[in-house]
Amino acid sequence: MSNATVANLMRGHIETLAAQGKRTDGRGTNEFRGVSIETGLISTAEGSSRVSLGDTTVMCGVKLLVGTPYPDSPGRGSMTTTAELACLASEQFEPGPPREPAIELARVVDRGIRESQMINFEDLCIKHGEKVWVVFIDMHILDHGGNLFDCCTLAGAAALSNAKIPNVQHGIADKDVDLPISCWPISCTFAKLGEAIVLDPNHEEETVMNARLTVAHDENGNLRAMQKGYNGAFTGDEIKAAVKTARTADKVLRKALKEAAG
Amino acid sequence: MAGGNSDIEFIKKGKRLDGRKPDELREVRIEAGVLNRADGSCYLEWGNNKVYAGVFGPIECHPRHKQQQDRAIVQARYTMAPFSVNDRKRPGYDRRSSEISYITSQALERVVMVELFPRAAIRVDMQVVEAHAGTRCAALTAASVALADAGIPMRDIIPSCAAGKVSDTVVLDLNKEEDNYGQADLPLAIVPSTGEVVLLQLDGHLTPDEFEQAFDLAYKGCMDLYDIQRAALANRYGGSA
Amino acid sequence: MTKSSSKSARGRSVLLPGDKLADDLKAGSGTFRRDGEAHAAVLGFPNDSSGYVNVHPVAGRYSPRVGDKVIAVCVETGPSLWRMNIGAFQNSMLHHSETDWKVDFGDTASFIGIGDAVLAEVYMVDGSGSHQVTLKKDDCRKLYAGTIVYIPPPRVSRVIGKQGSMIKLLRERTNCRIQVGQNGLVWVDGEPDQIARAQKAIETISREATSSGLTEKIEKLLE
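Protein chains in written order, with the numbering used here: chain A, 1440 to 1701; chain B, 2 to 242; chain C, 133 to 355.
It cannot be assumed that every hint is accurate.
[Unchecked claim] Far from chain A, by Cβ distances over 12 Å, these chain C residues were calculated: (1) Ser161; (2) Asp248; (3) Glu304.
[Unchecked claim] Stretches of chain B that chain C covers, calculated by requiring three or more beta carbons in the stretch to come under 8 Å of a beta carbon on chain C: (4) 52-63; (5) 146-157.
Honestly, the hints are just simulated from the structure, not real lab data. Treat the numbers as computed from the prediction; the structure is a model and nothing was measured. By construction, the Cβ of each residue, glycine as well, lies at the ideal position given by its N, Cα and C atoms.
Working from the sequences, and respecting the hints, build out all of it.
Put into structure tokens, the structure is as follows:
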């Protein structure tokens, strides 16, 4: 779409500021925008959240349905993650089946949650080899103000933290119980603006970024998922520095998530 | 309609199962201008229904073969989130969403001054994030508010509301159980200033008399919604409508 | 539109699409007629001038008018013209003959490339919504430095202010050169830090355009 053409002047100005460690919205290089997390808004979902990170808003619903286990893991539940880049979130999002960006987004969030073992899939086995809980994490992007990766990971984690296993509805047991959560994955996404690297790019910065790096940590500071995106590149040193930064910068999100989860 | 399940007694002592009178709406709350990126937006809660609507436009019309040389087209799109219903809905577009999107676009083209923007598109996206019957009316009601919020020139704001029949009684605004097991559903949308009907569907079984009764009831429901729509828009700019 | 809309808007309640207007006035911009009566076509505030009632929209995209100064960004180059985004739903055309340059056939991109910005004037709008811009008017030129800030076009009058008071304040306090396009694109040039301050102020004005005491607030912000 023609409106996607970025003014060269804006690109130059953002890069000039970034080279001096400054940003158009006045933030520091490694500072997140304000975050707000609400949970339990959707009664048709087993768990739900609405998370805003700056101008970005994502709604996430978690559904648990009874399904059959995969043949190679008969004693384990499973999980599916989708992301819907709803047309109302951005003029650039077009109607139709999910394209590559939505699929990449869903898969990166999925890896952060799956690899951190936030959900213990053994606990989701109902009858070995026959019946397990399948966890569906569906993320709905409502407002695209930049950095969907971190906002979606937060929304996914917040919705899971609030999810109940619907035993009663499915006749499995006589009481619904909390979905057992073992740890909290948090992702930190960096954008390369010219030669500078900033945390949590806003919408304007994303239009001029040449490379993107997402780093997901668990709460012990171990890495659980990473993803490099866009056609620019990072040096090895830049990546190592970003990993270090992420380990401390994610504290603010971790705190917000814990508070929301109660 | 599931054909009507006469085992359920939907009205006892003049009250419905959720405590409403036959001609009473569920509670409706509308907020305009809730999204940052969209040109205009709206969040609507109607009972437990929750809907977002966002508008971009006028913008270049894609695909090009849909362009109209003498006017804009309204591209409305209705989507239900996978988590919006008890049994998870498969993500994506289905035949029901297509139909609702199509008739909603046509209803809105009656009031949007499309002749001002030849070859353009006005994109209206409606996202149902929680569904408990009546979401097409809720979505259209929210879409009209979002269009006005986007500064799109329009002749009026369209409200939409349904009436139906349960336990042989005509009632306003069916809830989930009434919709699932009731006898008829009649969604309606009107242009309040002219009284024109811009959307009408019927699903179920009504006698001619019941139809007239249901139509009048839905029309009255639309007028009540119109007031709430107007208040939401005026409220955003610190005035009262 | 830039002169008095915000002043007359205050103290009056907002009009909604379909609202009937005073019947002794003729229908102006932002209105339509039905059964011989004028009605508001957009969400906005009324403004009467010389027998006409206009409704100034509070939201909406840019709709080009001849004589408007706009900031345009190049999205496509052709052999003898450029297609420029001015925020309208169709791109505007800038023909090489509407510049002071001597442009050889096929050499347009060496004058204005994709993403380059110009200050231009709308000189033609036709009934089908097509429009063209020119650089052959006062002040029109290619913009070589600074940045572009985007605001909704209905907020333009607030950024300029009464008799240009707000933009004067912005220029004085930031030492920046500022041009406000009627299309909501604002060009700001100066020291990078000062550009950032000006951008913040412009975005604040735009966001809080309908609130009172805005000038004092911006003065404080730029102290």
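Verification of the supplied hints:
1. Ser161: Nearest chain A Cβ is 25 Å from Ser161 of chain C, so the label holds.
2. Asp248: 6 Å, violated
3. Glu304: 21 Å, holds
4. 52-63: Check passed, 4 qualifying residues.
5. 146-157: It holds: at least three residues are needed, and the segment 146-157 of chain B offers 9 whose Cβ sits within less than 8 Å of chain C.
Checked against the numbered hints listed earlier, the structure breaks hint 2 alone; every other hint is satisfied.
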